[in-house]
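S.K.: Spelled out, the chains give:
There are 4 protein chains.
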Amino acid sequence: MSQTEPAPKRGPGQEKRRQELVEAAFHQIAERGFEGLRTRDIAARAGVNIATVHYYFPTKESLIGGVVEHAMARFRTTLAPQGSPADQLRNHLRAVRHLLVDEPEVGMVMGELALRSARDETIAAILRDGNDGWHRAIRGLLRHAAKAGQLRPESDSDEVAALVMATLSTMTLPTMTGAARNEQALRQLERWLFNQVID
Amino acid sequence: MSQTEPAPKRGPGQEKRRQELVEAAFHQIAERGFEGLRTRDIAARAGVNIATVHYYFPTKESLIGGVVEHAMARFRTTLAPQGSPADQLRNHLRAVRHLLVDEPEVGMVMGELALRSARDETIAAILRDGNDGWHRAIRGLLRHAAKAGQLRPESDSDEVAALVMATLSTMTLPTMTGAARNEQALRQLERWLFNQVID
Amino acid sequence: MSQTEPAPKRGPGQEKRRQELVEAAFHQIAERGFEGLRTRDIAARAGVNIATVHYYFPTKESLIGGVVEHAMARFRTTLAPQGSPADQLRNHLRAVRHLLVDEPEVGMVMGELALRSARDETIAAILRDGNDGWHRAIRGLLRHAAKAGQLRPESDSDEVAALVMATLSTMTLPTMTGAARNEQALRQLERWLFNQVID
Amino acid sequence: MSQTEPAPKRGPGQEKRRQELVEAAFHQIAERGFEGLRTRDIAARAGVNIATVHYYFPTKESLIGGVVEHAMARFRTTLAPQGSPADQLRNHLRAVRHLLVDEPEVGMVMGELALRSARDETIAAILRDGNDGWHRAIRGLLRHAAKAGQLRPESDSDEVAALVMATLSTMTLPTMTGAARNEQALRQLERWLFNQVID
DNA sequence: AATGAATGAGAGTTCATTCAT
DNA sequence: AATGAATGAACTCTCATTCAT
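Chains as they are written, first to last, in our numbering: chain A, 13 to 211; chain B, 13 to 211; chain C, 13 to 211; chain D, 13 to 211.
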């Protein structure tokens with residue numbers, strides 16, 4: 013993810029400046045929502061003139077596209093293929109919780125994207141893809157773990173995976189049910205999943 | 013300008029017109045989000061002039077306040093004090109699911125409010141209150157049901173209540189994990205809650 | 013044209029303000045051309061806020077549409093149905109010359125419109141209509157005058173009418189051939205037409 | 013960056029590239045008018061970077077200056093000193109018509125320049141010079157032709173020349189009176205000039 | 001000789017809000 | 001109680017121009 017290979021060099025300009033702008037937009041969305049997203053603020057945050065924003069991204073919408081990719085990428089880091097299936101699942105839950113605690117902005121932005129996807133088919137398609145992949149991954153882990161005797165086998169893995177996703181997703185909106193309660197929900201989920209508290 | 017009827021309750025204006033405006037705003041938020049909320053559209057939807065909106069609500073923000081109340085009220089209908097504690101809980105889950113299926117706008121608006129609460133302490137306070145009450149209600153039902161032998165007693169009712177809230181909350185954002193998967197999550201939640209003893 | 017009948021009240025606002033804006037735009041076009049036409053300048057000239065311009069005309073283009081109508085209307089005044097055909101023709105030439113001398117802005121704007129019509133089919137259609145009507149009118153006068161023995165009969169009235177239009181049109185662009193020479197051209201045209209100098 | 017050839021004439025840059033840019037600008041003006049003239053489009057049309065345009069022409073205005081020269085030069089080709097005065101005149105009319113039919117862009121640009129000259133004294137001076145020379149040339153031909161008995165002698169050659177210029181000028185704006193009618197006007201002009209004795 | 005990156009100034013348009021009626 | 005007219009401020013986006021390389 014951060015090697016020495018030359019940047020893809022898509023569009024005009026250097027990839028570095030592009031990335032700075034995407035991150036500036038990302039943070040603005042986290043702080044003010046799409047509702048309060050202003051190109052001038054993004055430019056100011058990135059320390060460039062507003063015209064520079066349009067030099068790299070012809071429209072505000074195309075910049076938002078960059079933010080979507082960025083947010084999805086942050087999330088993908090939470091699924092690491094190390095250890096037994098049950099460990100992978102445990103680690104995934106932990107990784108998501110840590111991600112959302114360490115970088116609450118990721119959660120805010122994901123929430124904004126989820127809301128916006130109802131009006132923006134481009135975002136909707138990307139989220140659908142991401143969620144489908146996520147669901148497959150969790151379900152796969154559940155099945156393997158059950159087969160290996162690490163989990164109770166009677167679970168319908170499709171539905172259990174859905175519940176896992178639901179619980180984790182709620183964490184992205186800290187104020188949805190209250191930040192503290194999100195932790196409790198996750199703990200109870202783990203208890204039911206593994207019949208013990210993790211961490 | 014020259015009527016003889018006594019003015020209605022709250023300040024100027026009739027309650028009916030106020031309610032119409034709140035509902036128009038409510039639907040606009042559901043359709044376009046706060047991002048796309050325009051007083052002109054609200055006025056048009058309510059069939060009045062823009063200035064009329066400001067006659068009843070001095071600012072856009074105050075109108076949003078009315079929408080918050082409206083949305084919360086829609087939600088409170090899902091907790092009915094009939095039947096045994098376990099039945100009440102079951103009915104609550106069902107009622108929330110039906111509400112969100114019948115009136116998806118309630119879910120959309122709740123999602124928008126949850127997101128906005130991160131930047132708006134007024135909304136945050138209202139949501140906190142609502143969620144605290146909701147949590148107490150569910151926890152109370154869980155405890156009573158456990159005491160009455162209708163549920164497994166070993167559960168930490170605080171955390172189970174949190175998981176119930178998390179699962180239901182996710183349903184408000186259909187595209188968060190996918191509409192179909194929300195149903196599955198709820199089914200799995202019910203299975204773990206009501207059906208079997210774990211371990 | 014300026015009676016006491018109520019204004020047509022098309023679109024928002026009163027016709028008076030609309031007309032003021034059209035005239036402000038008209039003068040700006042005459043002075044700076046379409047090249048230098050700025051909504052802010054139009055607003056300033058009309059003594060209103062720039063948002064007021066958009067209150068009456070949703071887009072700059074729609075305001076330009078109003079200017080086209082206005083300019084065409086100014087021109088139509090030069091054809092008056094009084095006197096013999098030859099007199100009408102003579103008067104028409106005189107009226108056009110006077111109009112372009114008294115209000116050189118009409119000429120400038122017509123020139124701008126002619127140029128713009130190459131890229132704007134809406135304007136092109138209006139100019140085509142106007143020119144067709146103009147041609148028919150002049151040709152009719154020529155024919156009637158010839159029939160009444162007031163003009164040499166051998167002329168191809170279609171082509172003579174075209175030459176009359178060409179000569180008058182050039183006058184709208186004072187700098188096309190030079191203002192003074194436009195007067196000379198018109199005098200020569202009259203000489204050939206009527207075999208004598210008019211005025 | 014490291015060539016050994018001596019730098020070409022005018023200041024920096026080669027004349028060839030300058031000419032390419034002028035022609036690109038010329039065509040852009042013909043297609044979009046001054047209203048739609050963008051340095052970026054000129055650069056793209058010439059296949060160079062925007063900054064290169066400014067390397068050869070410090071400002072947009074200076075590039076326009078080049079276009080004026082170019083357009084005038086195209087026009088001067090229509091006066092050829094071959095044949096009798098009457099033939100030269102006939103040929104001139106024909107040449108102008110052919111030029112405007114074959115390269116309608118010349119007409120469009122001349123129209124744009126004529127309009128712009130009202131606001132740009134530099135252009136105005138150049139057009140005045142050109143028109144004065146044109147007028148002298150035509151008047152000279154008329155006088156010589158009359159003296160040689162090839163044309164009716166009684167004409168005021170100043171005014172006839174002005175009418176010739178007016179008629180030809182109108183042809184540059186095809187939509188001024190309608191392309192077809194421009195041809196008719198020219199035909200009638202020729203008829204009056206060459207064919208018959210009036211009175 | 002030529003360019004990619006960057007920008008200041010300004011373009012048309014939008015919007016919540018005000019006010020006289 | 002309700003509105004048409006009007007506006008200040010701010011929005012996204014554009015453009016001629018500059019400059020280091």
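Hints in this document: simulated from the structure, not taken from any laboratory.
Keep in mind that the hints are not guaranteed to be accurate.
[As the list claims (entries may be wrong)] Cut-off 25 Å, straight-line C-alpha distance, at most; resulting in silico cross-link-like pairs (SDA-like, lysine to any residue):
#1 C/K72 x B/I62
#2 C/K72 x D/P116
#3 A/K72 x D/R52
#4 D/K72 x D/P116
#5 C/K159 x C/D144
#6 B/K159 x A/R203
#7 B/K72 x A/K28
#8 A/K72 x C/K28
#9 C/K159 x D/R52
#10 C/K72 x D/E43
#11 B/K72 x A/E35
#12 A/K72 x C/P70
#13 A/K72 x A/R52
#14 B/K72 x A/R203
#15 A/K28 x A/P97
#16 D/K72 x C/K159
#17 A/K72 x A/N103
#18 C/K28 x B/A63
S.K.: It remains to establish, for every hint, whether it holds in the given structure.
M.R.: Going down the list of hints, with the structure as the test:
no.: 1; hint: C/K72 x B/I62; verdict: holds, 24 Å
no.: 2; hint: C/K72 x D/P116; verdict: violated, 29 Å
no.: 3; hint: A/K72 x D/R52; verdict: holds, 21 Å
no.: 4; hint: D/K72 x D/P116; verdict: holds, 24 Å
no.: 5; hint: C/K159 x C/D144; verdict: holds, 22 Å
no.: 6; hint: B/K159 x A/R203; verdict: holds, 21 Å
no.: 7; hint: B/K72 x A/K28; verdict: violated, 40 Å
no.: 8; hint: A/K72 x C/K28; verdict: violated, 39 Å
no.: 9; hint: C/K159 x D/R52; verdict: violated, 59 Å
no.: 10; hint: C/K72 x D/E43; verdict: holds, 21 Å
no.: 11; hint: B/K72 x A/E35; verdict: violated, 31 Å
no.: 12; hint: A/K72 x C/P70; verdict: holds, 23 Å
no.: 13; hint: A/K72 x A/R52; verdict: holds, 11 Å
no.: 14; hint: B/K72 x A/R203; verdict: violated, 45 Å
no.: 15; hint: A/K28 x A/P97; verdict: violated, 37 Å
no.: 16; hint: D/K72 x C/K159; verdict: violated, 57 Å
no.: 17; hint: A/K72 x A/N103; verdict: violated, 37 Å
no.: 18; hint: C/K28 x B/A63; verdict: holds, 23 Å
In the structure shown, a violation is registered for the earlier hints numbered 2, 7, 8, 9, 11, 14, 15, 16 and 17, in ascending order.
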